[in-house]
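A.B. asks: Given chain G's structure and the hints, the job is docking chain Z onto it.
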Amino acid sequence: KAGVTQTPRYLIKTRGQQVTLSCSPISGHRSVSWYQQTPGQGLQFLFEYFSETQRNKGNFPGRFSGRQFSNSRSEMNVSTLELGDSALYLCASSPGQGGDTQYFGPGTRLTVL
Amino acid sequence: AQTVTQSQPEMSVQEAETVTLSCTYDTSESDYYLFWYKQPPSRQMILVIRQEAYKQQNATENRFSVNFQKAAKSFSLKISDSQLGDAAMYFCAYRRGNFGNEKLTFGTGTRLTIIP
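So the protein sequences, as listed, match chains G and Z.
Under this note's numbering, the first sequence has 31 at position 31, and the numbering climbs by one with no breaks.
Add 113 to the 1-based position in the second sequence for this note's numbering, that's all there is to it.
Don't read these hints as lab results, they were simulated from the structure.
There could be a bad hint or two in this list.
DSS-like, lysine-lysine: derived pairs with alpha carbons at most 27 Å apart [what the hints assert, rightly or not]: (1) Z/Lys191 with G/Lys57; (2) Z/Lys183 with Z/Lys216; (3) Z/Lys186 with Z/Lys216; (4) G/Lys57 with G/Lys13; (5) Z/Lys216 with Z/Lys191; (6) Z/Lys168 with Z/Lys216; (7) Z/Lys168 with Z/Lys191; (8) Z/Lys216 with G/Lys57; (9) G/Lys1 with Z/Lys216.
What follows is a list of derived Cβ distance ranges for each label pair [claimed, not checked]: (10) Z/Gly210 with G/Ser51: 15 to 23 Å; (11) Z/Asn175 with G/Gly58: 31 to 39 Å; (12) G/Phe69 with Z/Gln121: 19 to 27 Å; (13) Z/Asn180 with G/Leu11: 34 to 42 Å; (14) Z/Asp144 with G/Arg109: 31 to 39 Å; (15) G/Leu113 with Z/Gln121: 33 to 41 Å; (16) Z/Gln196 with G/Arg109: 21 to 29 Å.
Which chain G residues stay away from chain Z? Per the calculated CB distances, all over 10 Å, these [said to hold, decoys possible]: (17) Thr7; (18) Ile12; (19) Gln17; (20) Glu75; (21) Leu110; (22) Val112.
These numbers come from a predicted model, not from an experiment.
Glycine is no exception: its CB is placed at the ideal position from the N, C-alpha and C atoms.
One chain only, chain G, in its complex shape (with noise of 0.2 Å):
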């Protein structure tokens, strides 16, 4: 099976702007996970989606938004791009039914000048 993809691997974007990143989780594959991962604060949870749905939910802004596909693709926007936003993006899938593990893409590495 082809493994989790994110697009796109590589995203420059100015303050003000808003973002969109995808992701495509390994076949079969109905939850799809977001982390942030920063120098400063290490790897942290920003939201699950499962069956098109917002299971689960991390402590960031209302900024920071994403929605899941019928076919389990998920997206994930950022508003408002601030500095702090900088950041490695990586999407995890699993089949989302309790104890499983999560496989993750390659991330996108996001640069807010």
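C.D. replies: Quick look at chain Z alone, frame taken from chain G:
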């Protein structure tokens, strides 16, 4: 709230030797899972090993094994016969066991260097 602590920011080991990375966690749950992930310079997060809390037997995957001490809330990773390709950041992670909760809580990571 669950927390995961990795007290060794950096470790180094000679090639072919054995190294142990430490991880402790705090939880009031009885049903949970623990993981070790590896993140090489490519930044791709790769699963190394996983442990179910209800299993007393320590998980093993080839050269990787864990020492799971549930009462002490300790979950260390042992890498035997270290290879150059093992150089990476290693993250310990925790997730609750209940259905519908996919959130992983990560430690701060340990950077492992392999000395040729």
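A.B. asks: Indicate, hint by hint, whether the structure satisfies it.
C.D. replies: Hints versus structure:
1. Z/Lys191 with G/Lys57: With a Cα-Cα distance of about 33 Å, the restraint between lysine 191 of chain Z and lysine 57 of chain G is violated, given a limit of 27 Å.
2. Z/Lys183 with Z/Lys216: Roughly 20 Å separates the two Cα atoms, so the pair holds.
3. Z/Lys186 with Z/Lys216: Since the Cα atoms of lysine 186 of chain Z and lysine 216 of chain Z sit roughly 19 Å apart, the hinted pair holds (cutoff 27 Å).
4. G/Lys57 with G/Lys13: Judged against 27 Å, a Cα distance of about 25 Å means the pair holds.
5. Z/Lys216 with Z/Lys191: holds (25 Å)
6. Z/Lys168 with Z/Lys216: Holds - the C-alpha atoms of lysine 216 of chain Z and lysine 168 of chain Z are around 21 Å apart, at most 27 Å.
7. Z/Lys168 with Z/Lys191: With a Cα-Cα distance of about 18 Å, the restraint between lysine 168 of chain Z and lysine 191 of chain Z holds, given a limit of 27 Å.
8. Z/Lys216 with G/Lys57: holds (9 Å)
9. G/Lys1 with Z/Lys216: Holds: lysine 1 of chain G and lysine 216 of chain Z sit about 24 Å apart, inside 27 Å.
10. Z/Gly210 with G/Ser51: 15 to 23 Å: 20 Å Cβ-Cβ, so the 15 to 23 Å window holds.
11. Z/Asn175 with G/Gly58: 31 to 39 Å: holds (33 Å)
12. G/Phe69 with Z/Gln121: 19 to 27 Å: 41 Å Cβ-Cβ, so the 19 to 27 Å window is violated.
13. Z/Asn180 with G/Leu11: 34 to 42 Å: Taking Cβ atoms as reference, asparagine 180 of chain Z and leucine 11 of chain G lie about 41 Å apart, which means the hint holds.
14. Z/Asp144 with G/Arg109: 31 to 39 Å: Taking Cβ atoms as reference, aspartate 144 of chain Z and arginine 109 of chain G lie about 35 Å apart, which means the hint holds.
15. G/Leu113 with Z/Gln121: 33 to 41 Å: Since leucine 113 of chain G and glutamine 121 of chain Z have Cβ atoms about 35 Å apart, the given range 33 to 41 Å holds.
16. Z/Gln196 with G/Arg109: 21 to 29 Å: Given range 21 to 29 Å: holds, Cβ gap about 27 Å.
17. Thr7: For threonine 7 of chain G, whose nearest Cβ neighbour in chain Z is about 15 Å away, the distance exceeds 10 Å, so it holds.
18. Ile12: holds (17 Å)
19. Gln17: It holds; glutamine 17 of chain G is separated from chain Z by about 23 Å at its closest Cβ, greater than 10 Å.
20. Glu75: holds (18 Å)
21. Leu110: About 13 Å separates leucine 110 of chain G from the closest Cβ of chain Z, which puts it past 10 Å; holds.
22. Val112: Holds: least Cβ distance 18 Å, greater than 10 Å.
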